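A.B. asks: Listed below are the residues making up each chain.
Number of protein chains: 2
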Amino acid sequence: MEDEEKIVDTLWELLKSKQYTRLKEILAEMNPADVAEICNDLDEQTLPLIFRLLPKDSAADAFVEMDSDTQETLLRAFSDTELKQVVNELYADDAVDLIEEMPANVVKRILALASPSKRKDINELLKYPENSAGSIMTTEFVYLRENWTVGESIAFIRRSGLNKETIYICYITSSGRLIGWISVKDLLLAPSDDTVISEIMEENVISVNALEDKEEVAKLLSRYNFIAMPVTDSENRLVGIVTFDDAMDVIEEETTEDLSIMSAQTPMEKTYLKSTPFEFFTHRIPWLAIMMISATFTGIIISGFENALAANVLLTAFIPMLMDTGGNSGSQSSVTIIRALSLGEIEFSDLPHVVVKEFLTALMCGLALGCICMLKMFLIDRLLLNNPELTLSMMLVVSSSLCVTVLVAKILGGTLPLIAKKLGADPAVMSSPLITTCVDAISLIVYFSIAKSVLF
Amino acid sequence: MEDEEKIVDTLWELLKSKQYTRLKEILAEMNPADVAEICNDLDEQTLPLIFRLLPKDSAADAFVEMDSDTQETLLRAFSDTELKQVVNELYADDAVDLIEEMPANVVKRILALASPSKRKDINELLKYPENSAGSIMTTEFVYLRENWTVGESIAFIRRSGLNKETIYICYITSSGRLIGWISVKDLLLAPSDDTVISEIMEENVISVNALEDKEEVAKLLSRYNFIAMPVTDSENRLVGIVTFDDAMDVIEEETTEDLSIMSAQTPMEKTYLKSTPFEFFTHRIPWLAIMMISATFTGIIISGFENALAANVLLTAFIPMLMDTGGNSGSQSSVTIIRALSLGEIEFSDLPHVVVKEFLTALMCGLALGCICMLKMFLIDRLLLNNPELTLSMMLVVSSSLCVTVLVAKILGGTLPLIAKKLGADPAVMSSPLITTCVDAISLIVYFSIAKSVLF
Numbered sequence: 033m034e035d036e037e038k039i040v041d042t043l044w045e046l047l048k049s050k051q052y053t054r055l056k057e058i059l060a061e062m063n064p065a066d067v068a069e070i071c072n073d074l075d076e077q078t079l080p081l082i083f084r085l086l087p088k089d090s091a092a093d094a095f096v097e098m099d100s101d102t103q104e105t106l107l108r109a110f111s112d113t114e115l116k117q118v119v120n121e122l123y124a125d126d127a128v129d130l131i132e133e134m135p136a137n138v139v140k141r142i143l144a145l146a147s148p149s150k151r152k153d154i155n156e157l158l159k160y161p162e163n164s165a166g167s168i169m170t171t172e173f174v175y176l177r178e179n180w181t182v183g184e185s186i187a188f189i190r191r192s193g194l195n196k197e198t199i200y201i202c203y204i205t206s207s208g209r210l211i212g213w214i215s216v217k218d219l220l221l222a223p224s225d226d227t228v229i230s231e232i233m234e235e236n237v238i239s240v241n242a243l244e245d246k247e248e249v250a251k252l253l254s255r256y257n258f259i260a261m262p263v264t265d266s267e268n269r270l271v272g273i274v275t276f277d278d279a280m281d282v283i284e285e286e287t288t289e290d291l292s293i294m295s296a297q298t299p300m301e302k303t304y305l306k307s308t309p310f311e312f313f314t315h316r317i318p319w320l321a322i323m324m325i326s327a328t329f330t331g332i333i334i335s336g337f338e339n340a341l342a343a344n345v346l347l348t349a350f351i352p353m354l355m356d357t358g359g360n361s362g363s364q365s366s367v368t369i370i371r372a373l374s375l376g377e378i379e380f381s382d383l384p385h386v387v388v389k390e391f392l393t394a395l396m397c398g399l400a401l402g403c404i405c406m407l408k409m410f411l412i413d414r415l416l417l418n419n420p421e422l423t424l425s426m427m428l429v430v431s432s433s434l435c436v437t438v439l440v441a442k443i444l445g446g447t448l449p450l451i452a453k454k455l456g457a458d459p460a461v462m463s464s465p466l467i468t469t470c471v472d473a474i475s476l477i478v479y480f481s482i483a484k485s486v487l488f
Numbered sequence: 033m034e035d036e037e038k039i040v041d042t043l044w045e046l047l048k049s050k051q052y053t054r055l056k057e058i059l060a061e062m063n064p065a066d067v068a069e070i071c072n073d074l075d076e077q078t079l080p081l082i083f084r085l086l087p088k089d090s091a092a093d094a095f096v097e098m099d100s101d102t103q104e105t106l107l108r109a110f111s112d113t114e115l116k117q118v119v120n121e122l123y124a125d126d127a128v129d130l131i132e133e134m135p136a137n138v139v140k141r142i143l144a145l146a147s148p149s150k151r152k153d154i155n156e157l158l159k160y161p162e163n164s165a166g167s168i169m170t171t172e173f174v175y176l177r178e179n180w181t182v183g184e185s186i187a188f189i190r191r192s193g194l195n196k197e198t199i200y201i202c203y204i205t206s207s208g209r210l211i212g213w214i215s216v217k218d219l220l221l222a223p224s225d226d227t228v229i230s231e232i233m234e235e236n237v238i239s240v241n242a243l244e245d246k247e248e249v250a251k252l253l254s255r256y257n258f259i260a261m262p263v264t265d266s267e268n269r270l271v272g273i274v275t276f277d278d279a280m281d282v283i284e285e286e287t288t289e290d291l292s293i294m295s296a297q298t299p300m301e302k303t304y305l306k307s308t309p310f311e312f313f314t315h316r317i318p319w320l321a322i323m324m325i326s327a328t329f330t331g332i333i334i335s336g337f338e339n340a341l342a343a344n345v346l347l348t349a350f351i352p353m354l355m356d357t358g359g360n361s362g363s364q365s366s367v368t369i370i371r372a373l374s375l376g377e378i379e380f381s382d383l384p385h386v387v388v389k390e391f392l393t394a395l396m397c398g399l400a401l402g403c404i405c406m407l408k409m410f411l412i413d414r415l416l417l418n419n420p421e422l423t424l425s426m427m428l429v430v431s432s433s434l435c436v437t438v439l440v441a442k443i444l445g446g447t448l449p450l451i452a453k454k455l456g457a458d459p460a461v462m463s464s465p466l467i468t469t470c471v472d473a474i475s476l477i478v479y480f481s482i483a484k485s486v487l488f
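Those sequence lines, one after another, are chains V and H. For the first sequence, the working numbering gives the first residue as 33, with consecutive numbering after it. For the second sequence, the working numbering gives the first residue as 33, with consecutive numbering after it.
Hints listed in this document are in silico derivations from the structure and should not be mistaken for laboratory results. In this text the structure is predicted, and so the values were computed from the model without any measurement. Here a beta-carbon is modelled for each residue, glycine too, at the ideal position from N, C-alpha and C. No false leads were mixed into what you were given.
Below, computed lysine-lysine pairings styled on BS3-like, alpha-carbon distance capped at 30 Å:
| id | chain 1 | residue 1 | chain 2 | residue 2 |
| --- | --- | --- | --- | --- |
| 1 | V | K302 | H | K251 |
| 2 | V | K306 | H | K251 |
| 3 | H | K116 | H | K152 |
| 4 | H | K217 | V | K251 |
| 5 | H | K251 | V | K196 |
| 6 | V | K251 | H | K88 |
| 7 | V | K152 | H | K217 |
| 8 | H | K217 | V | K116 |
| 9 | H | K38 | H | K48 |
| 10 | H | K306 | V | K251 |
| 11 | V | K88 | V | K56 |
| 12 | H | K251 | H | K454 |
| 13 | V | K38 | H | K454 |
Selected chain H positions facing chain V (Cβ under 10 Å, derived; list incomplete):
| id | residue |
| --- | --- |
| 14 | I189 |
| 15 | T275 |
| 16 | A279 |
| 17 | L291 |
| 18 | S295 |
| 19 | P309 |
| 20 | L320 |
| 21 | A349 |
| 22 | F350 |
| 23 | L354 |
| 24 | D356 |
| 25 | E377 |
| 26 | L392 |
Footprint (simulated), chain H over chain V, 3 or more residues, beta carbon under 8 Å:
| id | region |
| --- | --- |
| 27 | 242 to 256 |
| 28 | 283 to 297 |
| 29 | 316 to 322 |
| 30 | 347 to 357 |
| 31 | 467 to 473 |
Okay, chain V solo, but in the shape it has when bound (with noise of 0.2 Å):
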């Protein structure tokens, strides 16, 4: 971070003095990744002339790095030459992406000034629904024959592989249909040049459906540690791959997503730094405002115990403790689940297994929880505090619902996110705000009822 400061700091005084050659340079040595960081931060003005002096090669890589709005202000400032080279230097599954975030009337200038082969391969990838497999592959890949040999193989991949996204997995296809892959590790490995493919090649191929859900590939891409995936139609044809750098992209993505879901918010698209406080209002006041409402049911059950807490307005004070033990004990247990789930430990059949988990857990959890509360209570409230209206049987109360309260509100938690799996509904909903929500109703009317019958 601070390299990058005194970096930036560099490129501004050579911009100012114009000093074009040495700023060249520099670009030139650095990673497009980087570059496309500095890029993020340069106005309008500055950003397309940085661009135009980075070397061909990386300009392509450090724009497909760049924020969207980025992108959209270098391809707006583009003369149509410039953009003609950039968009045919892109592999097909960055172009697609870049497609799916820019306005009506750039991608109409990028699909025109595409060359007509790029142009197919992207209307291909775009008939793929939002968040499949289709829609984040690449058709950038390289086909092996099974009866060539390794050295036929190896000329045939140093003479084609240049505008591949990786050479480092190679399919075999016959008649369109994938029936075996190879690494270039294997190929060159390989007891002799004259060993033909069908005899080495890997026939077991994992591959998965181009309608298949992108988080789905990521993660067994991330299970079989492989390079890329091969991603094939209903009838086994091979269609495109998807590499390791995009699963990582993916599952990024996708916990970024998960976490706003978990903490009641709308996903947004865009960074911290680059949302506005408007648009996290919007992303963030529909939950706020149900859960609010919700919380409509707490206010009745308490105006219910109108009476009781009339009688004693002691009770109320142990409200909030009741309540955040309940919330924190649900979110512990939903939370864990969720994640379970996520990483494909458990299912919906585990169900049973969950409960039998989670009541044994909150057993012990309640247990203990409600024999601290009584000593807390003791040493604390009773002595330290000197509250003598806090009698034996008021501290059984509380404890008792406390330990009612966090058996309850693990049950919850570790099963409504598999119900919601099986509906069909993300699992992440169901984590500790909704829950809470719930939690909430019925520690409370689990203790005024303890407290009624002991009490009054």
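Please build the complex by placing chain H on the supplied structure of chain V, with the hints as guidance.
C.D. replies: Same frame as chain V, now just chain H:
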């Protein structure tokens, strides 16, 4: 998942009917990660039986992917010859992972049976602190010399690449120091076999120090889309590489760990299904107990306003709504900031930016919620539930307290994770549960103060 169950059934039937040849064939066709998954569910007797049927080359690959208790069972069942074979097939980084998980007597046997060169590699890696780049790197990579030609380099890779974890990125060193790198793609696509490496190698090497945090390394690798990241010592000598698949594992682990911390649990090493209720108990109870005890403050605050509450019991009915909305508002902000910090989008110096943005967002959310709350109280509580005690001034007290609570909650939620990071703590600690505890106390004080000045 369904396929997996079917395969497991088939394997069991073959095992029971002792059709070992067919069993061997099926296992040979499976991906090692899938074999590992199945092995994790086998009992102590069957596990070694199945493992011995695996083809030699995929046995080690499957072994690496197994859970650590499955690995331990196998290691204990192995004869010395078997253990020797598996250990020497492992890459040094995988062997180190294994050693870090196994009990001392198993480790002793592993080290005794490892080949001298493997043992040297393992001991080298064991020197690095836990969670450092050094602890996850491998020492098996390809070196090239700058004065070699492309042809010589390819020939060298073909001779020596067999035991390298990746051959796709080769590193060029000069007296041990890392001076450049080149991909196998660039080698294969080089204009001529006589091109000298120094002419085409990439001299701007991005590398990490062996003591760098492994999470940082994984993020850099993802940022630059590298297949492998070179790791150097303090004198820029190349000591190892971290490959993309290990980086993906690190990111997955770290996300799981962050989620545990964010939901107030001590992170666990084992999967959900393999952890016992007692283990969950020990990881959950400390935080629940601490937060329960810290709720003493909210109790004290409520007791302090006892008279006000006794005079107007309806005040109590809105406490849960106020507290929950405060907690939810705070957790929206804290989770957003924790994620932005973890993605490197913001750092401590962005504190003023964050404060302003969260303040403006909170102001909009607070005002909107205040209005919605007024409307809700009027329509639902007053008209629908027919509650005449709910006067206009009472409604104003609740709505304005809500507005202030949201404001405080969002500013605390936005700033506390940044401050935690600055103080060297994990920002994830400052997530919903802890912030809720703070926000509760503040919202109650605000509520009662406003109530006192308006109503009494």
